[in-house]
Structure formats: structure tokens, C-alpha cells
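Residue numbers (my numbering), protein chains in the order written: chain R, 1 to 299; chain F, 1 to 299.
What the hints contain is simulated information worked out from the structure, not anything from laboratory work. Quantities reported herein were computed from a predicted structural model and do not represent experimental measurements. A portion of the hints provided could be inaccurate.
Cut-off 27 angstroms, straight-line C-alpha distance, at most; resulting in silico cross-link-like pairs (DSSO-like, lysine-lysine) [what the hints assert, rightly or not]:
#1 F:LYS162 with R:LYS202
#2 F:LYS192 with F:LYS155
#3 F:LYS155 with F:LYS18
#4 R:LYS54 with R:LYS15
#5 R:LYS298 with R:LYS225
#6 F:LYS202 with R:LYS298
#7 R:LYS196 with F:LYS291
#8 R:LYS155 with R:LYS15
#9 R:LYS155 with R:LYS196
#10 R:LYS18 with R:LYS276
#11 F:LYS192 with R:LYS298
#12 R:LYS54 with R:LYS276
#13 F:LYS277 with R:LYS288
#14 F:LYS225 with F:LYS277
#15 R:LYS202 with F:LYS298
#16 F:LYS192 with R:LYS225
#17 R:LYS225 with F:LYS196
#18 R:LYS192 with F:LYS298
#19 R:LYS196 with F:LYS225
#20 R:LYS225 with F:LYS202
#21 F:LYS298 with R:LYS291
#22 F:LYS155 with R:LYS298
#23 F:LYS298 with R:LYS298
#24 F:LYS192 with F:LYS225
#25 F:LYS202 with R:LYS291
#26 R:LYS298 with F:LYS291
#27 R:LYS192 with F:LYS196
#28 F:LYS196 with R:LYS298
#29 R:LYS291 with F:LYS196
#30 R:LYS162 with R:LYS192
#31 R:LYS202 with F:LYS225
#32 F:LYS298 with R:LYS196
#33 F:LYS196 with F:LYS162
#34 F:LYS202 with R:LYS202
#35 F:LYS155 with F:LYS196
#36 F:LYS291 with R:LYS291
#37 R:LYS288 with R:LYS202
#38 R:LYS298 with R:LYS288
Number of protein chains: 2
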Amino acid sequence: MSVLVVGSTALDSIKTPKASHPRLLGGSASHAAVAASFFGPVRLVGVVGRDFPKRYLELYRRHGIDLAGLQIRDGQTFHWAGEYEVNMNRRRTLATELGVFETFSPELPAAYRPSPFVLLANIAPALQLHVLDQMRRPRFVAADTMDLWLNIAMKDLLRLLKRIDLLVLNDSEAHQLTQDDNVIHALARLHKLGPKYVIIKKGEHGSILGGPQGRFIAPAYPLSKVVDPTGAGDSFVGGLMGYLASARGSIDANLRRAMVYGSVTASFCCEGFGLKKTDTTTRADIEKRVKELAQLTKF
Amino acid sequence: MSVLVVGSTALDSIKTPKASHPRLLGGSASHAAVAASFFGPVRLVGVVGRDFPKRYLELYRRHGIDLAGLQIRDGQTFHWAGEYEVNMNRRRTLATELGVFETFSPELPAAYRPSPFVLLANIAPALQLHVLDQMRRPRFVAADTMDLWLNIAMKDLLRLLKRIDLLVLNDSEAHQLTQDDNVIHALARLHKLGPKYVIIKKGEHGSILGGPQGRFIAPAYPLSKVVDPTGAGDSFVGGLMGYLASARGSIDANLRRAMVYGSVTASFCCEGFGLKKTDTTTRADIEKRVKELAQLTKF
Numbered sequence: 001m002s003v004l005v006v007g008s009t010a011l012d013s014i015k016t017p018k019a020s021h022p023r024l025l026g027g028s029a030s031h032a033a034v035a036a037s038f039f040g041p042v043r044l045v046g047v048v049g050r051d052f053p054k055r056y057l058e059l060y061r062r063h064g065i066d067l068a069g070l071q072i073r074d075g076q077t078f079h080w081a082g083e084y085e086v087n088m089n090r091r092r093t094l095a096t097e098l099g100v101f102e103t104f105s106p107e108l109p110a111a112y113r114p115s116p117f118v119l120l121a122n123i124a125p126a127l128q129l130h131v132l133d134q135m136r137r138p139r140f141v142a143a144d145t146m147d148l149w150l151n152i153a154m155k156d157l158l159r160l161l162k163r164i165d166l167l168v169l170n171d172s173e174a175h176q177l178t179q180d181d182n183v184i185h186a187l188a189r190l191h192k193l194g195p196k197y198v199i200i201k202k203g204e205h206g207s208i209l210g211g212p213q214g215r216f217i218a219p220a221y222p223l224s225k226v227v228d229p230t231g232a233g234d235s236f237v238g239g240l241m242g243y244l245a246s247a248r249g250s251i252d253a254n255l256r257r258a259m260v261y262g263s264v265t266a267s268f269c270c271e272g273f274g275l276k277k278t279d280t281t282t283r284a285d286i287e288k289r290v291k292e293l294a295q296l297t298k299f
Numbered sequence: 001m002s003v004l005v006v007g008s009t010a011l012d013s014i015k016t017p018k019a020s021h022p023r024l025l026g027g028s029a030s031h032a033a034v035a036a037s038f039f040g041p042v043r044l045v046g047v048v049g050r051d052f053p054k055r056y057l058e059l060y061r062r063h064g065i066d067l068a069g070l071q072i073r074d075g076q077t078f079h080w081a082g083e084y085e086v087n088m089n090r091r092r093t094l095a096t097e098l099g100v101f102e103t104f105s106p107e108l109p110a111a112y113r114p115s116p117f118v119l120l121a122n123i124a125p126a127l128q129l130h131v132l133d134q135m136r137r138p139r140f141v142a143a144d145t146m147d148l149w150l151n152i153a154m155k156d157l158l159r160l161l162k163r164i165d166l167l168v169l170n171d172s173e174a175h176q177l178t179q180d181d182n183v184i185h186a187l188a189r190l191h192k193l194g195p196k197y198v199i200i201k202k203g204e205h206g207s208i209l210g211g212p213q214g215r216f217i218a219p220a221y222p223l224s225k226v227v228d229p230t231g232a233g234d235s236f237v238g239g240l241m242g243y244l245a246s247a248r249g250s251i252d253a254n255l256r257r258a259m260v261y262g263s264v265t266a267s268f269c270c271e272g273f274g275l276k277k278t279d280t281t282t283r284a285d286i287e288k289r290v291k292e293l294a295q296l297t298k299f
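Chain R with its partners taken away, still in its complex shape:
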């Protein structure tokens, strides 16, 4: 089944202690859509400017991503520039140029409205809500968020939480939102805000799911080299939703494996700048690492 992905589509200029890569394909929706595309059809909703390189449109298409919902507007594509420290655990933003993203309103083509699986990748909660207003009874809605929205759009975010099935956020955001450092308490508090399923991401330490079937501790695939972690979280939730949409059976029966697939898809993302490594990854590469992770955690 199709996954509808809405979020940011951007150009990222990324510096690390060893390299500098200007204007890579980036944005939450780009990473999530390509990650989801390993498992089945994906529909993208986003906006880019006239400067958006053709090769990136081709990249989306090569991954079978439906671009009917991608607006191409007069103006510049959203551009983010950031720099990572030596151990890749901290980054600082060097520049944020919103361009056409500043006035973006996600409008769904008619064909997108019945999409059964909806991924509201990181973007302003008001825009995530606007997407839901246009949907026809989706089967499963997941949303990602970031600290920025906790700081400036909490009211919209709280409204959103009542309308989604799965919230995905990282541990620092979970602590900020719940005012509780303990992951078990944080999960309980987040469920009370609405979502039946909550996943707290812990980067290289994996992630933890809370849901009606109990908790699940998902491992991260251990990498010997992290080249660029930008988009890893988006790839995680993209891979997760792609797998869920492709799997037969109930959400409850598939969600654990979906997290493992998300984790593995994110591991490839970290091994190259922007989408470079993900772009050349195959489904067979993913299956191989999923098997490895099963072996790495078996006892």
C-alpha cells in the first residue's frame, strides 16, 4: 500500500571536521520518502524552488516516488547549512534560508487523499494538521517532530497528537515535552496526550516503543563509521512506515519488525553525506543488515 510523505524538501550544506558538501538533497520528506521507497510506492508532498537541481527530481523518480504533490515555485529552495563536531553527536546550524518553504501550504492531489499510510515528517504542526484535514480516513498516521515546535508551536502540536496513531520523537524532545527524564514515565505521559503508539529515539542507542502490546526495545545497527547523521531520524521513520505499509497483517504484529527495518535504513543514511549512500542501497542490503541485527541481539 502507498505511503504518503509530507515534510520539508531542502538543500543541505553540511560540514564535518573532514569534509564540506554544499547543496545536497535533504529535508525530512526527502530522507523519509527515499527510505520508505525500498518497501513500496511513495507519494511525496513538499515544495522546492526553481533552483532545485533536476538530478534530485530524477533521484526521487528513480526510487519510484510519485511527485504529483511536489510543488515547484518561483524562488529559492529551502536551504539549511550545518556543521558537525568530531564525534558527530553535536551539530550547529550555520544558516537557515527558508525560501519558498516560508509560505508552503501542503495541498494534496485528489489521488493522494485516500492514502492508507500517512507519514507527517518533521514540519510545522499546523501544516501536519492541514494535511490530515485533507485525508480520507487513513489507516495509520505517524508524525515526527522537533524541539523547535515544542518551543514555538506547542498548542498546534498538542492538537496534532490527538489525531495521530504514532508519535516519533527523540529522547531530549520526549524529556522536554513531558518534563520527565525517565523513558517509561515519558512514554506513559506521551500516550496520555493522544497517540496509541509512541517511539522514543535514542540515536546510536536504538529506540523504544510504547503501545497496546507493551514496550519494545529496538537496537540500532552498530556502525564503525558515521559519515553524516543528517536525516537518520527521518530515514528511520520513513523505513518504518514503508515496511508497515508493505507488510500483511495487523499494525501490532508488524511494528517491531518495522522499527528494525527503520533502524537499518537509517544506518545506511549515516554512512554517506545527504542521501548519497541511501541512494545506492538496495533492498537486499537492508535485508542483510536486518538479519545481522537479529543475530546481534539474540540470546
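Position chain F relative to chain R; hints supplied.
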């Protein structure tokens, strides 16, 4: 089979934002020995002063711990006082009074020398080496350490690493020792220093094993409440060694489960001040959490 445990036997005065508990039973060997005692016979080597409360000797005995190697000397028992911050992730030392520990030399009763499993809990590497000098061809030797020894006794520690089978240390110590932030690289470098097996502990994020059979990602048991994490690392390696010594079959066949048992034993340690919770824990409690952890990580 018996596990020989050598390390510190101390009185710990522990403050948290909510409580203050003076002169609890503490020390690396106390935590490790009680943790190992759930699985089989334990022999303790340590030193205490005349002030050491009788109730703590009774606690050791209640857990079937052989005290033939516990020296009782004129003077004060090693006393450590520390304070935890709100989230329990950081602690600071308020006082360290070495007492009889200052001149401690671990001397093994003749009956201890053929012990097949040896746990060199955290103590100066020179003393850990002195224990090995007295052993008769042990089957499996594990050693724990701490940042202090990396700072002041590196030469002894490097000598020790060539004589042990398993090194257990936490992630910050692994990074300090190898000068590498990446856990896969750190494992590889630590193996090169001697030990066939290396476990890097990551606190609430679990631990990772490197060994001839490959790596194993061990989960931590998720706790909704951490009362006092003092001794959790010692309980982990104590439970691990206790399980290993009790299990039939090869080290390689048992080490993964041993880590899970260690992890669960450590979870109980964190739920009470000092050894209070561990003391009232049963083997059945441990088995229950091991089953839960299997369920929490299955996919």
C-alpha cells in the same frame, strides 16, 4: 562452580535529592559477590575494619558467601560518601576515607586458589595482578576497572589486560583508554590489548560484547524508578560471572545469556539504596525479568 570475587568492601554514605543513607554496605566486591550468589557459591576476598557492622557480615553469610578471604583489621572500614543529581546520571564524591583499605593486600586462602572463575572487581590493577599471581590456572578471569586507574595506574592495567579473558568497562572509560569514540573501533583496540572478550557498558542503554563469536548487543532492563545506581556495574559483572560459573557448556555458548542475567541483577541493585533491594531479591525475581527482557527485545 565457585566464583572468586576480589575487590573493595566498603561503607557507602549516599545522598540523593530525596534521601540520605549513611554507612550502607558497599564496595565493588560486596555488590559483585551478592549478585553472583544468586547463581552459585561465591568466595570473597576483601578487607574491613573493626567498625564493620555485624549485620553486613550476616548479610554476606545469608547469601552463602564464603568469608574465609575477608580480612578484618584494626582500623576503619573504607568509607565513601557521594551525592547524586536529580536524574541520577551524575554523581560527585563528597568524601573518601581509605582506612584499612589503604594497606590492603589480597591474600588468598589455600582453598581459594583453584577457583575456576575469578572476578577481579574494581580495585587497583596491581592488586588484581597480585590475586592472579596466587591462582592455580583459573578457567575464566574477568576484570572490571575505573577511570581512576586509567589516570594513575595505566602501566599495571596494561599488564593486567594481557592476563585476563574478559574486560568489562564503561563507555567513557573505553573512549579514554582507546582514544576512540566509536564503540566498534574501541572494541577492536581493546581486544588488541589482550582480552579475548570485552564488554562496554552503557548504563541505561545496555552493553555491547566483542568476542570470537562476534558482537552482542545486550539490553538494559528498563526501570521506571532508579533509587540509587551505586554498584550497578559491579552487580552486572557479578551476576554475569555467577551465571557463567553455574551454566553448563562453553563460555561462548553462555556469555550472551550471562550478560542478560547481569543486566537484570543490576536492575534490582538500582531499585534500592546500597544492597537493600538486591538483598531481598530472589532467583525467581531474576528469572521473571530475564523472560520480560526476552519479550521486550524479540522481533
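Worksheet entry | List of violated hint numbers, smallest to largest | Hints 1, 3, 8, 13, 22, 24, 27 not satisfied by this model.
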